[in-house]
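**Q** The lines below spell out each chain.
Number of protein chains: 2
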Amino acid sequence: MNTENILLLKEAGIKPSLVRLKILSFVKSVTSHPTVDMIYKELASEIPTLSRTSIYNTLLLLTGARLLRSVSIDGDVMRFDATMPDHGHFRCSECGQIFDLNLDPQTHNIVLPSGFKEIRRDLFVYGKCPYCNKCDEN
Amino acid sequence: MNTENILLLKEAGIKPSLVRLKILSFVKSVTSHPTVDMIYKELASEIPTLSRTSIYNTLLLLTGARLLRSVSIDGDVMRFDATMPDHGHFRCSECGQIFDLNLDPQTHNIVLPSGFKEIRRDLFVYGKCPYCNKCDEN
DNA sequence: TTCATTTTTGTACTCATTACAATACTGATT
DNA sequence: AATCAGTATTGTAATGAGTACAAAAATGAA
Numbered sequence: 000m001n002t003e004n005i006l007l008l009k010e011a012g013i014k015p016s017l018v019r020l021k022i023l024s025f026v027k028s029v030t031s032h033p034t035v036d037m038i039y040k041e042l043a044s045e046i047p048t049l050s051r052t053s054i055y056n057t058l059l060l061l062t063g064a065r066l067l068r069s070v071s072i073d074g075d076v077m078r079f080d081a082t083m084p085d086h087g088h089f090r091c092s093e094c095g096q097i098f099d100l101n102l103d104p105q106t107h108n109i110v111l112p113s114g115f116k117e118i119r120r121d122l123f124v125y126g127k128c129p130y131c132n133k134c135d136e137n
Numbered sequence: 000m001n002t003e004n005i006l007l008l009k010e011a012g013i014k015p016s017l018v019r020l021k022i023l024s025f026v027k028s029v030t031s032h033p034t035v036d037m038i039y040k041e042l043a044s045e046i047p048t049l050s051r052t053s054i055y056n057t058l059l060l061l062t063g064a065r066l067l068r069s070v071s072i073d074g075d076v077m078r079f080d081a082t083m084p085d086h087g088h089f090r091c092s093e094c095g096q097i098f099d100l101n102l103d104p105q106t107h108n109i110v111l112p113s114g115f116k117e118i119r120r121d122l123f124v125y126g127k128c129p130y131c132n133k134c135d136e137n
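Here the protein sequences line up with chains A and B, keeping their order.
Take the first sequence: its letter number 110 is residue 109 in numbering that gives the first Met the number 0, and every next letter is one higher.
Take the second sequence: its letter number 36 is residue 35 in numbering that gives the first Met the number 0, and every next letter is one higher.
Hints in this document: simulated from the structure, not taken from any laboratory.
These numbers come from a predicted model, not from an experiment.
Beta carbons: idealized from backbone N, C-alpha and C, even for Gly.
Relax, there's no trap hidden among the hints.
Here are the computed lysine to any residue pairs in the SDA-like style, where the Cα-Cα straight-line distance is at most 25 Å: (1) K116(A) with N132(B); (2) K116(A) with M77(B); (3) K9(A) with L66(A).
Derived CB-CB ranges, DEER-like: (4) D73(A) with K14(B): 25 to 35 Å; (5) M83(A) with T48(B): 45 to 55 Å; (6) K14(A) with D36(B): 34 to 44 Å; (7) K14(B) with L17(A): 53 to 63 Å; (8) C134(B) with L17(A): 38 to 48 Å; (9) L20(A) with T30(B): 38 to 48 Å; (10) C94(B) with Y125(A): 21 to 31 Å; (11) N132(A) with S69(B): 20 to 30 Å.
Sequences are here, hints too, so could you generate the full structure?
**A** Here's what the structure looks like:
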């Protein structure tokens, strides 16, 4: 819903401009973890004057406000994700698709060496997704 | 030891040239997870004609042969690591240093949704390292 | 309407990485 | 030792994501 996203932006102290709303709504509406380019291609028709710089600016703002998060996997282009609770990511080595992984809380039981303080964590699993597994059956 | 690395290269079917030996030895001798630039700056005095392209080529060769691995953390420049058994990485948000993390085998008990096949995994922990914790005590 | 502030845009730049062709090296063969 | 093919290394140019920054446009209060 757009009204919901307007509220979210306002709560975060961000003026809900058209560009910001569209970007937030789009990223929230897909599970594809879109890149800046994908966002641009998607919204360019609705906002003909849209510039990539605006997308970069907006994403910086939205990630800073914890309405979105950025995901950088294995040297690939930056991607964006609206799923905010902690979770992992799976990237299919064949098709490149990225899937969210629910994390068993047990997974978080890593004991760091003394003196290290954890703030955040990323877990990336690489392999073959169900679809590519199906296609490659030999 | 250099003789040891010569053997490793030969076993991998890679001709042990000076450039390859020096790069492999250097990465193996440090825990800093060096970047291409760090490798270049280190070896330029010993091999005055060394080019960055050679370093890229060589690292591609050595990672392909599983003598080294590349580590790409959170959009940063590519880094290289001679510690081959599976392990995680800790990056200090203050000083940027990267530390290896031994992984409790328990950590590997993530159940993937059905149809997903795991090939490889990365675990990155972000936070403050012991040294920066010390300095920032308030 | 004016004016300051904020948002958006466009252009130029940075910089890691890759592409590719030219050069240098190596080692076997004659 | 000279030749030569194959390999290794280098240098230059291109790519492309991301950033810096200033100009232009939109907003909204006075």
